[in-house]
Amino acid sequence: MESGFGNMIAWEKLKEFFSVKQDTSQDIPRYLFNYRRIWQVAVLLTGGVALVPLIFITLIDYQVTQHAIESEFLLRTTRVVSNSRRTISFFLAERKSAIDFIVHDNSFESLNNKGRLTLMLINLQKSFGGGFMDLGLIDSSGYQRNYVGPYRLEGKDYKGQEWYQKVVDHGVHISDVYLGFRRVPHMVIAVKKLMPDGSFYILRASFSISPFEDLLADLELDGRGDAFLINHQGTLQTTSRYHGGILERLSLPVPEYSPVSQVYEWKDPNGKELFIGYRFIDDSPFILMIVKDKHELMKPWFKTRFKLIVFLILSVTVILSVILGTATYMVKKIQIVDETRVMAFHQMEYANKMASIGRLAASVAHEINNPIAIINEKAGLIKDLFIIKGQYARDDKILGLVDSILNSVKRTGAITKRLLSFARNLEASIEPIHLKAVIQEVLGFMTKEAELRAIEIRLKVAEDISPFKADRGKLQQIFLNIINNAFAAMNEGGHLDISAEMETKGSVTVVFTDDGCGIPEEDLNRIFEPFFSTKTGQGGTGLGLSITYNLVTELGGTINVKSKPGQGTSFIISIPLDKEKGPDERDQGIACG
Amino acid sequence: MSEIRVLLVDDEEELVSTLAERLSLRGIFAEWATSAEEALERLSPGRYDVAVLDVKIPRISGIELKKRMDEKNPGMKFIFITGHGSEADFQAGSAEAGSDYYLVKPVNIEDLITKMREVLTGKGGTE
Numbered sequence: 006m007e008s009g010f011g012n013m014i015a016w017e018k019l020k021e022f023f024s025v026k027q028d029t030s031q032d033i034p035r036y037l038f039n040y041r042r043i044w045q046v047a048v049l050l051t052g053g054v055a056l057v058p059l060i061f062i063t064l065i066d067y068q069v070t071q072h073a074i075e076s077e078f079l080l081r082t083t084r085v086v087s088n089s090r091r092t093i094s095f096f097l098a099e100r101k102s103a104i105d106f107i108v109h110d111n112s113f114e115s116l117n118n119k120g121r122l123t124l125m126l127i128n129l130q131k132s133f134g135g136g137f138m139d140l141g142l143i144d145s146s147g148y149q150r151n152y153v154g155p156y157r158l159e160g161k162d163y164k165g166q167e168w169y170q171k172v173v174d175h176g177v178h179i180s181d182v183y184l185g186f187r188r189v190p191h192m193v194i195a196v197k198k199l200m201p202d203g204s205f206y207i208l209r210a211s212f213s214i215s216p217f218e219d220l221l222a223d224l225e226l227d228g229r230g231d232a233f234l235i236n237h238q239g240t241l242q243t244t245s246r247y248h249g250g251i252l253e254r255l256s257l258p259v260p261e262y263s264p265v266s267q268v269y270e271w272k273d274p275n276g277k278e279l280f281i282g283y284r285f286i287d288d289s290p291f292i293l294m295i296v297k298d299k300h301e302l303m304k305p306w307f308k309t310r311f312k313l314i315v316f317l318i319l320s321v322t323v324i325l326s327v328i329l330g331t332a333t334y335m336v337k338k339i340q341i342v343d344e345t346r347v348m349a350f351h352q353m354e355y356a357n358k359m360a361s362i363g364r365l366a367a368s369v370a371h372e373i374n375n376p377i378a379i380i381n382e383k384a385g386l387i388k389d390l391f392i393i394k395g396q397y398a399r400d401d402k403i404l405g406l407v408d409s410i411l412n413s414v415k416r417t418g419a420i421t422k423r424l425l426s427f428a429r430n431l432e433a434s435i436e437p438i439h440l441k442a443v444i445q446e447v448l449g450f451m452t453k454e455a456e457l458r459a460i461e462i463r464l465k466v467a468e469d470i471s472p473f474k475a476d477r478g479k480l481q482q483i484f485l486n487i488i489n490n491a492f493a494a495m496n497e498g499g500h501l502d503i504s505a506e507m508e509t510k511g512s513v514t515v516v517f518t519d520d521g522c523g524i525p526e527e528d529l530n531r532i533f534e535p536f537f538s539t540k541t542g543q544g545g546t547g548l549g550l551s552i553t554y555n556l557v558t559e560l561g562g563t564i565n566v567k568s569k570p571g572q573g574t575s576f577i578i579s580i581p582l583d584k585e586k587g588p589d590e591r592d593q594g595i596a597c598g
Numbered sequence: 081m082s083e084i085r086v087l088l089v090d091d092e093e094e095l096v097s098t099l100a101e102r103l104s105l106r107g108i109f110a111e112w113a114t115s116a117e118e119a120l121e122r123l124s125p126g127r128y129d130v131a132v133l134d135v136k137i138p139r140i141s142g143i144e145l146k147k148r149m150d151e152k153n154p155g156m157k158f159i160f161i162t163g164h165g166s167e168a169d170f171q172a173g174s175a176e177a178g179s180d181y182y183l184v185k186p187v188n189i190e191d192l193i194t195k196m197r198e199v200l201t202g203k204g205g206t207e
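Chains as they are written, first to last, in this note's numbering: chain A, 6 to 598; chain B, 81 to 207.
It is worth saying that the hints were derived from the structure and are not from the lab. Warning: the hint list may mix true and false statements.
To be verified - Pairs of lysine-lysine residues, derived as DSS-like cross-links and limited to a Cα-Cα distance of at most 30 Å, are as follows:
hint, chain 1, residue 1, chain 2, residue 2
1, B, K136, A, K358
2, A, K358, A, K402
3, B, K136, A, K388
4, A, K383, A, K358
5, A, K465, A, K422
6, A, K277, A, K299
7, B, K136, A, K337
8, B, K152, A, K474
9, A, K119, A, K131
10, B, K152, A, K422
11, B, K136, A, K415
Said to hold, decoys possible - Not close to chain A: a few residues of chain B, all C-beta gaps over 12 Å, as computed:
hint, residue
12, I84
13, G107
14, E111
15, E118
16, L120
17, G126
18, D134
19, N153
20, R197
21, E198
22, L200
The beta carbon of each residue, even a glycine, is placed where N, CA and C say it ideally should be.
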């Protein structure tokens with residue numbers, strides 16, 4: 006179970022490594038590449054170029070080797086068939102010639118002499134080894150006149166027997182193997198001698214089949230080989246190992262006549278593939294057959310084939326792994342670089358936008374400031390005239406109106422000052438920061454919206470936070486983005502708590518907590534990713550928080566988020582205090598010390 | 081008898097004249113000029129304790145004007161006012177006068193008088 010679980014984790018990790026991220030739920034910005042497509046093209050092209058030739062060559066090698074091995078076995082079988090045929094032919098011809106010699110060398114009378122015929126049989130058995138069983142002399146009427154051998158066949162009438170007719174017709178005959186009167190499988194060679202007066206007699210020798218069987222058994226045959234003789238009708242003439250006993254019907258088809266040795270492939274009804282070699286033995290009723298089991302023969306090839314397939318699978322696996330790994334790695338790198346590029350581009354665009362807003366604010370403020378200053382001085386003078394000079398008898402109503410004008414001027418002045426300060430700080434580089442003032446300045450832009458939506462903002466900044474050096478513009482952008490984000494998440498009557506306090510490790514932590522809609526847990530890890538937005542289609546670029554993240558990182562700080570859907574979200578920003586103190590603070594430090 | 085003698089320089093005559101009148105009502109000797117030339121013309125050694133200059137005066141910057149006035153009347157103190165909040169102005173103005181004596185319009189008259197007293201009693205500012 007546990008290892009199964011481990012395997013699953015490993016598999017998931019592997020899958021994650023090989024997956025190229027392409028969030029299809031978002032619109033892909035047109036300036037980003039389609040990474041999945043690049044990955045697919047890279048894998049297909051390199052994979053195709055590497056694998057197609059490999060598979061092609063392996064297949065060709067497979068075919069060629071298989072064909073070569075098969076040809077080799079066919080050739081070898083043909084050779085064995087030819088050689089064996091020669092031996093059997095010679096065996097038969099030799100015996101036939103011996104009979105022929107005897108019948109022509111001896112007169113009928115001499116052959117009819119029992120003692121003489123016995124001597125001849127003994128001599129034949131001596132000269133030709135085993136095989137000669139008996140000798141018989143048959144006259145033209147088909148009667149066996151003289152017989153020497155182990156059976157009692159003298160006086161037998163052979164007139165009705167097939168072989169007899171054949172000898173009479175052709176002068177010489179080699180018979181099939183048959184049982185005959187003696188009920189033992191044997192074969193016969195018979196030769197006719199024609200006399201000048203037209204009469205004839207026949208010398209007949211019978212042979213046991215053991216010499217053939219010995220001869221065929223001596224053949225060294227691979228692949229569960231089987232060598233045997235059949236006659237033209239398909240009856241087995243010798244015992245076969247796998248295809249039937251003597252005088253039984255052969256389970257294989259009788260091959261077609263061919264003057265030369267032939268080998269062919271044959272599939273038996275059980276689906277077993279066989280190599281069958283055969284040769285018709287001239288001047289005899291026999292066909293020599295050599296049958297081999299192809300499966301047995303090809304066993305060495307199967308081993309080679311197995312190695313070939315293992316080699317192919319291993320090669321393909323290694324090549325594919327390398328290609329997949331490399332492609333995934335490269336495409337991921339491209340993706341990271343590309344995203345960084347787009348991020349930088351957007352950040353620049355964002356900064357430019359802020360700068361433009363700043364310039365606009367500054368020029369508006371400037372244009373308004375002068376007339377406001379004049380209104381201020383004029384109204385101030387009116388008031389001065391009333392109070393200081395006592396002119397125009399004191400009139401409370403007019404004085405009230407003038408106060409009202411002066412109040413409005415003061416308010417307008419506050420707005421323009423804020424605008425100017427904001428614009429100025431956008432351009433500012435590192436300078437001493439009064440954290441509370443910066444937050445208040447940013448909040449100044451949100452107070453109207455907060456009032457309209459009845460959002461309560463509570464700001465609590467610890468007293469012990471001393472001014473520190475940082476990029477004021479970046480801080481403003483960070484706070485503005487986070488507060489905007491909180492406002493977007495809150496409904497009417499929401500609460501935004503902002504608190505800031507010192508950390509022991511020389512940094513200051515600012516926490517923004519809203520009671521808005523919150524962020525689902527599965528999105529929490531992704532909210533700082535570029536182009537991640539839940540507001541797609543509503544004008545969100547998905548860059549606000551990632552820019553914020555980058556700005557915080559640039560300040561050397563960290564940003565974290567905690568959220569519960571339906572309860573609200575906290576952004577925790579930690580900013581390090583400056584390590585190198587500016588000259589002002591150094592002086593202060595010495596003075597205080 | 082006036083405790084402070086001040087010269088106000090700004091191209092907005094409406095502003096500078098009214099401001100001068102209001103300062104006079106408070107017993108401050110205030111004169112005004114709407115151009116650098118006029119300001120330098122009015123200037124004679126010891127005539128003014130302090131000058132309130134707009135950072136941007138036509139044809140010449142407030143900073144440049146300050147230098148020339150300083151040459152003509154050494155020991156004089158300066159306060160800058162501006163309608164503009166640009167960074168360049170801020171840097172230049174606060175470097176010349178100190179960020180405390182760099183005021184953004186509209187200026188509260190009581191604040192201005194406080195700043196003048198401060199600059200004259202040597203709490204800050206230049207020289």
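Going down the list of hints, with the structure as the test:
Taking the CA atoms of K136/B and K358/A, the gap is about 27 Å. The hint holds against a cut of 30 Å. A C-alpha spacing of about 47 Å is found between K358/A and K402/A, which places the hinted pair above 30 Å, so the restraint is violated. A threshold of 30 Å between alpha carbons decides the hint, and for K136/B with K388/A the separation of about 29 Å falls inside it, so the pair holds. About 38 Å separates the Cα atoms of K383/A and K358/A, which puts this hinted pair outside 30 Å; it is violated.
Between K465/A and K422/A the alpha-carbon distance is near 24 Å, which keeps this suggested pair within the 30 Å criterion. Note on K277/A and K299/A: the hinted pairing holds, with a Cα-Cα distance of about 8 Å set against a maximum of 30 Å. Restraint check for K136/B and K337/A: the C-alpha separation of about 55 Å exceeds 30 Å, so the hint is violated. Between K152/B and K474/A the CA atoms are separated by roughly 40 Å; this puts the pair beyond 30 Å, and the hint is violated.
This hinted pair checks out: K119/A and K131/A have alpha carbons roughly 18 Å apart, not beyond 30 Å. Between K152/B and K422/A the alpha-carbon distance is near 34 Å, which puts this suggested pair outside the 30 Å criterion. Straight-line distance between C-alpha atoms of K136/B and K415/A comes to about 23 Å, which keeps the hinted pair within the 30 Å bound. At the 12 Å boundary, the C-beta of I84/B stays outside the reach of chain A, the nearest C-beta of that chain being 16 Å off.
Not every C-beta of chain A lies more than 12 Å from that of G107/B, the closest at about 9 Å, which undercuts listing it as non-interface. E111/B, annotated as away from the interface, keeps every beta carbon of chain A farther than 12 Å; the closest lies near 16 Å. With a least beta-carbon separation of about 19 Å from chain A, E118/B lies farther than 12 Å from that chain, consistent with its non-interface assignment. No Cβ of chain A comes within 12 Å of the Cβ of L120/B; the nearest lies about 23 Å off, and the non-interface call holds.
For G126/B, the shortest C-beta to C-beta distance to chain A comes to about 28 Å, beyond the 12 Å cut-off, and the non-interface label holds. Some Cβ of chain A comes within 12 Å of the Cβ of D134/B; the nearest lies about 10 Å off, and the non-interface call is violated. Every beta carbon of chain A lies more than 12 Å from that of N153/B, the smallest distance being close to 26 Å; the non-interface claim holds. Distance check on R197/B: its Cβ is at least 18 Å (rounded) from any Cβ of chain A, clearing the 12 Å threshold; non-interface status holds.
Non-interface status of E198/B relative to chain A is upheld: no Cβ of that chain comes within 12 Å, the nearest being about 19 Å off. Taking the minimum C-beta to C-beta distance to chain A, about 22 Å, the non-interface status of L200/B holds against the 12 Å cut.
Of the numbered hints stated above, those contradicted by the structure are hints 2, 4, 7, 8, 10, 13 and 18, listed in ascending order.
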